[in-house]
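S.K.: Protein sequence lines, in the order shown, are assigned to chains A and B.
For the first sequence, position 21 matches number 21 in the working numbering, and the numbering has no gaps at all.
Start counting at 1 in the second sequence, then tack on 65, and there's your number in the working numbering.
The hints are simulated quantities; they were obtained by calculation from the structure and are not laboratory data.
Values in this document were obtained by computation on a predicted structure and should not be read as measured data.
Treat the hints with caution; some may be incorrect.
To be verified - In the BS3-like style, the derived pairs of lysine-lysine whose C-alpha atoms are separated by at most 27 Å in a straight line are: (1) Lys39(A) to Lys180(B); (2) Lys67(B) to Lys63(A); (3) Lys39(A) to Lys223(B); (4) Lys210(B) to Lys39(A); (5) Lys39(A) to Lys221(B); (6) Lys188(B) to Lys39(A); (7) Lys61(A) to Lys223(B); (8) Lys39(A) to Lys225(B); (9) Lys120(B) to Lys61(A); (10) Lys174(B) to Lys188(B).
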Amino acid sequence: MKIAKSGKKVSSKNTSQKGAIEAARVYGIDISALMMNLKRTPSERVRRHQFAFNTLEMLRKAKRI
Amino acid sequence: MKRDFYNLLERLVGGSVDFVLVGGFAGVVYGCTYVTQDVDICCDFLTENLFRLQKAVVDLHPVHRMTPERIKFQLTKESCGQLKNLYLDTDMGQLDCMSFIEGIGDYQKVKEVSKIIRLENIKLRVLSLDSLIRAKDAMNRPRDKQAVIELEAIRKLKDKN
């Protein structure tokens, strides 16, 4: 339990959730990409991840040559 | 052969392996945008389940990737009893199998806080979003911290919609 400036007691979960999007933005995470991903089904997310993974693998192999 | 994480999971489900998807790939299922290099599962380390796991990946040339000689993954009834974790490399990708998840507990606890999610043609158990955040938080490695930030943002965005 944390104490807010107002003196009210607030749970740490609520505090962290309130600023979660802002914290991610500050960290450098692309929030619009996250929002787009949330519109997709889990299957689509996995398929897109596989495509990105394959591309990275291809680049890694190309670097080795 | 191209590495394919979905194929790996499809084999585990098809092989009736008792497991829960955890780790970075579970984050991808929930919407994380990073690229992970392996599939992490928490599974029942009972002998029968480990043999089912072995059968499911046997034709993918599985090896213990943490051993310098990359020893072939070949279970015996005796070796099963000593295992706590398995770090495998297969033709379809790296597969890490854990018997315990930091911040959650053993396989039964992990199963209790999992949910069934449909992926293409399979249904599998995935650690719940809240529990995944708790597990990643407990690991406390730099890459886990980044995952926690992304997962917390996803939780907030989901709450909003």
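S.K.: Please go over all the hints and tell whether each is borne out by the structure.
M.R.: How the hints compare with the structure:
{"no.": "1", "hint": "Lys39(A) to Lys180(B)", "result": "holds, 19 Å"}
{"no.": "2", "hint": "Lys67(B) to Lys63(A)", "result": "holds, 18 Å"}
{"no.": "3", "hint": "Lys39(A) to Lys223(B)", "result": "holds, 10 Å"}
{"no.": "4", "hint": "Lys210(B) to Lys39(A)", "result": "holds, 24 Å"}
{"no.": "5", "hint": "Lys39(A) to Lys221(B)", "result": "holds, 14 Å"}
{"no.": "6", "hint": "Lys188(B) to Lys39(A)", "result": "holds, 20 Å"}
{"no.": "7", "hint": "Lys61(A) to Lys223(B)", "result": "violated, 37 Å"}
{"no.": "8", "hint": "Lys39(A) to Lys225(B)", "result": "holds, 13 Å"}
{"no.": "9", "hint": "Lys120(B) to Lys61(A)", "result": "violated, 30 Å"}
{"no.": "10", "hint": "Lys174(B) to Lys188(B)", "result": "holds, 20 Å"}
Hint compliance for this structure: hints 7 and 9 are broken, all remaining hints hold.
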